[in-house]
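Protein chains in written order, with our numbering: chain A, 1 to 114; chain B, 1001 to 1115.
Keep in mind that the hints were calculated from the coordinates and are not lab data. Errors might be hidden in some of the hints.
[Unchecked claim] Here's a subset of chain B near chain A, in silico, CB distances under 7 Å, partners left out:
# : residue
1 : 1042
2 : 1045
3 : 1056
4 : 1091
5 : 1106
[To be verified] Which bits of chain A does chain B cover? Going by a derived footprint, with three or more residues having C-beta under 8 Å, they are:
# : stretch
6 : 40 to 50
7 : 104 to 114
[Said to hold, decoys possible] From chain B, some residues computed to sit far from chain A (all C-beta separations above 12 Å):
#  : residue
8  : 1009
9  : 1015
10 : 1067
11 : 1086
12 : 1114
It should be emphasised that the depicted structure is a prediction, and the values quoted were computed from it without experimental measurement. From the three backbone atoms N, C-alpha and C, an ideal C-beta is built for every residue, glycine too.
This is what each chain is made of:
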Amino acid sequence: AQSVAQPEDQVNVAEGNPLTVKCTYSVSGNPYLFWYVQYPNRGLQFLLKYITGDNLVKGSYGFEAEFNKSQTSFHLKKPSALVSDSALYFCAVRSSGGYQKVTFGIGTKLQVIP
Amino acid sequence: DAGVIQSPRHEVTEMGQEVTLRCKPISGHNSLFWYRQTMMRGLELLIYFNNNVPIDDSGMPEDRFSAKMPNASFSTLKIQPSEPRDSAVYFCASSPPGRGGNEQYFGPGTRLTVT
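Just chain A, same shape as in the assembly:
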């Protein structure tokens, strides 16, 4: 069975500082990995994904994530946080083989402090 762990319920960071939101996963075979963001009273919005190729993936709004196969991690990062980045962030995984549903993490609340 595949699973996603987001070990931090909440991450607080000062505006302008770098941010990291952690994600580890477990899946059979090669993973497809995703990050989504959810603002209050909105649906989830796609940020970036890793399918294959370069381990460093760049996405929307200046976010990036690094796929680390040995550590089974896919941490989300941004060099300089903005107050507007405050939201709920979800990591998701599915196996690349055949039909497999996407499994979402429980979410990490990011609070950027002015």
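Starting from the known structure of chain A, fit chain B onto it as the hints suggest.
Relative to chain A, chain B alone:
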């Protein structure tokens, strides 16, 4: 270009009543997903359609829940009879054709409250 459209945005109903949630996926997308989000359980996949055919309904809680996709541009999720524990935000998402590496596009959700 319109995103995924869901209606209603908010629904308040009494226990025992029938509730129907509606979704219009993005044109050209052939995969459709219904999710439920609660504080306790997070985001749960209820059912997945591919080319209008239900592929995985293992997440549907019980027989009170049913979903249909009569055509490529419309899907419904029905709860009959509704119970207070069904209170949640229900999301519909769609995804374009591909080999599974495509991201999902979520609608704004329907906030259901069953009293």
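Legend entry - Satisfaction of the residue 1091 of chain B interface hint, Cβ to chain A closer than 7 Å: It holds, given that the least Cβ distance between residue 1091 of chain B and chain A is near 6 Å, below 7 Å.
Inset, instruction - Quick one: work out the minimum CB distance from residue 1015 of chain B to chain A and report holds if it exceeds 12 Å, violated otherwise. - result: 25 Å, holds
Legend entry - Least C-beta distance between residue 1067 of chain B and chain A, which was stated to exceed 12 Å: 15 Å, holds
Inset, instruction - Closer than 8 Å, Cβ to Cβ, for at least three residues: run that test on the stretch 104 to 114 of chain A against chain B and report holds or violated. - result: The restraint on the stretch 104 to 114 of chain A holds, since 4 of its residues have a Cβ under 8 Å from chain B and three suffice.
Inset, instruction - Taking the shortest Cβ-to-Cβ distance between residue 1114 of chain B and chain A, state whether it exceeds 12 Å. - result: 19 Å, holds
Inset, instruction - Have a go at the residue 1056 of chain B hint: is there a Cβ in chain A nearer than 7 Å to its own Cβ? - result: 6 Å, holds
Legend entry - Interface restraint verdict for residue 1106 of chain B against chain A (beta-carbon cut-off 7 Å): This interface hint holds because 3 Å falls under the 7 Å limit.
Legend entry - Given as non-interface: residue 1086 of chain B, partner chain A, CB spacing beyond 12 Å: With a cut-off of 12 Å, residue 1086 of chain B remains clear of chain A, as the shortest Cβ separation is near 19 Å.
Legend entry - Least C-beta distance from residue 1009 of chain B to chain A larger than 12 Å: Per Cβ check, residue 1009 of chain B is inside 12 Å of chain A; nearest 9 Å; violated.
Legend entry - chain A contact restraint on residue 1042 of chain B - CB to CB distance below 7 Å: 5 Å, holds
Inset, instruction - Please count how many residues of the stretch 40 to 50 of chain A have a CB within 8 Å of a CB from chain B and say whether that reaches 3. - result: It holds: at least three residues are needed, and the stretch 40 to 50 of chain A offers 7 whose Cβ sits within less than 8 Å of chain B.
Legend entry - Supplied contact hint for residue 1045 of chain B, tested at 7 Å Cβ to chain A: At 5 Å from the nearest chain A Cβ, residue 1045 of chain B passes the 7 Å test, so the hint holds.
Violation of the numbered hints given earlier is confined to hint 8; every other hint is satisfied by the structure.
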